[in-house]
Amino acid sequence: MAEMPGFAVITISDRCAAGQQVDTAGPAVAGLLAKQWPEETIGRGLVPDNEDAIVTLLSELCHQEYELIVTAGGTGLGPRDVTPEATRRVIEREVPGLAEAMRSSCAAAYRHAWLSRAVAGLRGTTLIVNLPGSERGAVESLNAILPLLPHALEVVAGGRLHPKT
2 MAEMPGFAVI TISDRCAAGQ QVDTAGPAVA GLLAKQWPEE TIGRGLVPDN
52 EDAIVTLLSE LCHQEYELIV TAGGTGLGPR DVTPEATRRV IEREVPGLAE
102 AMRSSCAAAY RHAWLSRAVA GLRGTTLIVN LPGSERGAVE SLNAILPLLP
152 HALEVVAGGR LHPKT
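Numbers in this note's numbering are just positions in the sequence shown, counted from 1, shifted up by 1.
Worth flagging that the hints you see were computed from the coordinates, not collected in a lab.
Given the structure is predicted, the values throughout are model-derived calculations rather than measurements.
Some hints could be false.
Cβ-Cβ distance ranges computed for the label pairs, FRET-style [to be verified]:
no., residue 1, residue 2, range
1, R81, E155, 18 to 28 Å
2, E61, A158, 12 to 22 Å
3, P80, E40, 39 to 49 Å
4, W115, E40, 27 to 37 Å
5, A158, A110, 18 to 28 Å
6, G79, A158, 21 to 31 Å
Yeah, the Cβ is synthetic: ideal placement off N, Cα and C, and Gly gets one too.
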């Protein structure tokens, strides 16, 4: 089996894409992933809140067989927050427990976490996870599911089916 390209972190933000705001969520997420998986290559991307642009980038990364794609941004209630819709157009199967775990864990300290529309799912052997666009929300959400990701990625890649007891 050929080696997969690794992980990708995609920031989805009109303001960051236009150079009007500095992206802090994407680098923070990439840093957490690099700490957990220091041997992995972590690609970075930035697109505006445009559903077709998001679909195109996610589809291309899946075609390149990235193991994990994490998006930061576009999961709220605003009219330009279309990341979940774009993700649903790309994935073949949802993994709702990841989004539920993020909302549940984060809502204990930040009740507005329940308003996140983030989704997670699979396309082929690629796991896609949506995170909020704020650095704090993205980091806390990723930390909520980080213990689950090694097993999830192993199973998706064809590894063992059940965690060791």
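To see whether the hints hold, each was checked on the structure:
1. R81 with E155: 18 to 28 Å: Check failed, 36 Å falls outside 18 to 28 Å.
2. E61 with A158: 12 to 22 Å: holds (20 Å)
3. P80 with E40: 39 to 49 Å: holds (41 Å)
4. W115 with E40: 27 to 37 Å: holds (36 Å)
5. A158 with A110: 18 to 28 Å: Check failed, 33 Å falls outside 18 to 28 Å.
6. G79 with A158: 21 to 31 Å: violated (35 Å)
Violated hints, listed in ascending order, are 1, 5, 6; each of the other numbered hints is respected by the structure.
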